[in-house]
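*Asks:* I would like the entire structure built from these sequences, with the hints used as guidance.
Numbering that gives the first Met the number 0 puts the sequence shown at residues 0 to 402.
Among the clues, some could well be false.
Straight-line alpha carbon distances no greater than 20 Å define the calculated SDA-like cross-link-like pairs of lysine to any residue that follow [what the hints assert, rightly or not]: (1) K263 <-> P233; (2) K263 <-> H46; (3) K132 <-> V166; (4) K257 <-> H225; (5) K192 <-> H225; (6) K172 <-> E162; (7) K172 <-> G191; (8) K135 <-> G180.
These are calculated hints, taken from the structure and not from any lab test.
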Amino acid sequence: MRQAHRLLAAGFAASIALSLPVSAGAAPGGPALAHPVLTAKQQSEAHAAADWIVEQLAGADHFPAGGDTVDALVALAAAGNHDDVARKLGAYLQDDPAAKEYASVQPGAAAKVVIGLDAACMDTSAYDQMMLKDMKDDGSLPGFASAFNHSLVIIALERSGQEIPPVLVEKLKSWQTAEDGGFEYDDFISGGKVYDVDGGAMGAMALQVAGEDEAAERALDSLRAHQEAPGYWPNYSPVNSTGLVVHALEIDGRDVSKAQAWMKTQQLSDGGFPASLDGDTSNVMATIQGMQAIAGAGYTNADLGCEAEPTPEPTTPEPTTPEPTTPEPTTPEPTSPEPTTPEPTSPEPTTPEPTSPEPSGPVADTGVGAKEGDGQLAAAAMGGLMVLAGGAVAAARLRREGK
Numbered sequence: 000m001r002q003a004h005r006l007l008a009a010g011f012a013a014s015i016a017l018s019l020p021v022s023a024g025a026a027p028g029g030p031a032l033a034h035p036v037l038t039a040k041q042q043s044e045a046h047a048a049a050d051w052i053v054e055q056l057a058g059a060d061h062f063p064a065g066g067d068t069v070d071a072l073v074a075l076a077a078a079g080n081h082d083d084v085a086r087k088l089g090a091y092l093q094d095d096p097a098a099k100e101y102a103s104v105q106p107g108a109a110a111k112v113v114i115g116l117d118a119a120c121m122d123t124s125a126y127d128q129m130m131l132k133d134m135k136d137d138g139s140l141p142g143f144a145s146a147f148n149h150s151l152v153i154i155a156l157e158r159s160g161q162e163i164p165p166v167l168v169e170k171l172k173s174w175q176t177a178e179d180g181g182f183e184y185d186d187f188i189s190g191g192k193v194y195d196v197d198g199g200a201m202g203a204m205a206l207q208v209a210g211e212d213e214a215a216e217r218a219l220d221s222l223r224a225h226q227e228a229p230g231y232w233p234n235y236s237p238v239n240s241t242g243l244v245v246h247a248l249e250i251d252g253r254d255v256s257k258a259q260a261w262m263k264t265q266q267l268s269d270g271g272f273p274a275s276l277d278g279d280t281s282n283v284m285a286t287i288q289g290m291q292a293i294a295g296a297g298y299t300n301a302d303l304g305c306e307a308e309p310t311p312e313p314t315t316p317e318p319t320t321p322e323p324t325t326p327e328p329t330t331p332e333p334t335s336p337e338p339t340t341p342e343p344t345s346p347e348p349t350t351p352e353p354t355s356p357e358p359s360g361p362v363a364d365t366g367v368g369a370k371e372g373d374g375q376l377a378a379a380a381m382g383g384l385m386v387l388a389g390g391a392v393a394a395a396r397l398r399r400e401g402k
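*Replies:* What follows is the structure, encoded as structure tokens:
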């Protein structure tokens with residue numbers, strides 16, 4: 000038997016719903032459950048049912064009952080023609096305080112929300128720990144104890160990648176009391192045992208995902224033995240129950256064509272399904288859970304095409320050898336100092352004061368007339384002028400030669 004890898008939780012059939020607190024630790028779930036290939040006609044029928052579900056929502060992001068919101072999301076994910084609406088329902092489950100309040104009631108409710116979020120490819124971590132926190136040592140869960148609710152928790156644990164406590168699985172098997180391997184519940188009125196179609200279908204799904212092949216095969220054989228001649232399973236809502244059983248059989252690869260043929264006879268012109276046998280009024284719960292019989296997917300494998308996060312390949316950086324860089328030789332520009340020609344410093348020529356010899360004899364008369372002493376004075380004056388001219392010529396020559 001193939002085991003499940005990704006799972007979706009089941010809706011609360013009728014009024015059983017919510018009832019499982021859970022604790023931690025467990026054994027991993029199992030195999031991957033594939034979607035069968037639908038014929039064009041089957042796909043058309045599933046799409047018509049999905050259209051009807053969307054019409055009932057009338058633009059809202061949830062149904063009044065929290066369990067119906069999850070089941071509608073699973074149904075739309077299975078049908079595949081209203082992914083946008085399914086994501087809208089998922090956003091409600093993830094963010095709205097009312098959804099969190101619903102999930103806190105008991106583990107079965109939290110499990111349904113986890114399944115719905117996983118079907119919408121959304122993070123389930125806000126609800127993961129709510130499923131097992133109050134599980135007892137014997138695997139019992141608080142609230143209404145039933146195979147249905149325990150199965151929801153097991154499926155949700157597998158779907159969210161958590162371990163499934165072996166004690167939880169053993170507790171589920173405690174309802175597998177029919178001689179043929181089927182599931183039963185206690186009738187509080189008569190005190191006897193009553194065959195449980197819905198609990199058996201959910202139990203068979205959960206046993207498969209937990210890897211309990213032998214117990215799952217016995218449960219499936221028992222369900223097949225209780226199928227009515229027309230192809231359905233009797234219960235308060237045959238369409239609803241048939242949807243659950245077909246999904247449990249289908250993930251094991253068993254033939255479900257007879258049940259699917261019967262389902263077609265129950266689909267109404269508006270696309271929905273009735274709760275009662277051969278009924279003429281479409282019902283929300285019958286349609287959202289009955290979808291699993293016609294869409295080829297359900298609680299254990301319906302989703303919006305979620306892909307596992309790719310594991311990045313380790314990247315070893317390529318060693319980079321730096322290119323040798325030969326610095327360009329830089330020849331400094333020769334800096335020739337500006338020739339500085341010192342200003343020649345010519346000594347100021349000193350012209351000696353001419354010394355005229357004291358005339359000897361009587362003091363000369365200063366009148367106009369020339370006398371013998373005047374010739375001597377002119378000669379002396381001419382000599383002085385020649386000395387001055389020679390000094391000037393020498394100074395000019397020194398400047399021209401840069402000295």
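*Asks:* Need the status of pair K257, H225: alpha-carbon distance at most 20 Å?
*Replies:* Holds. K257 to H225 sits at ~14 Å (cutoff 20 Å).
*Asks:* Given the hint that K263 pairs with H46, does the C-alpha gap stay at or below 20 Å?
*Replies:* 13 Å, holds
*Asks:* Just to be careful, I want the Cα atoms of K192 and H225 compared with a cutoff of 20 Å; is the pair within it?
*Replies:* 16 Å, holds
*Asks:* Assess, step by step, whether the Cα of K135 is no farther than 20 Å from the Cα of G180, and give holds or violated.
*Replies:* With Cα atoms ~25 Å apart, K135 and G180 exceed 20 Å; violated.
*Asks:* Under the criterion that the straight-line Cα-Cα distance not exceed 20 Å, is the pair K132, V166 satisfied?
*Replies:* Holds, at about 14 Å.
*Asks:* Can the restraint linking K263 and P233 be considered satisfied, given a maximum Cα separation of 20 Å?
*Replies:* This hinted pair holds, its Cα atoms lying about 16 Å apart.
*Asks:* Given the hint that K172 pairs with G191, does the C-alpha gap stay at or below 20 Å?
*Replies:* Between K172 and G191 the Cα gap is close to 18 Å, so the pair holds against 20 Å.
*Asks:* Given the hint that K172 pairs with E162, does the C-alpha gap stay at or below 20 Å?
*Replies:* Status holds; Cα separation ~18 Å.
In summary, the structure is inconsistent with hint 8 from the numbered list given earlier, while agreeing with all the others.
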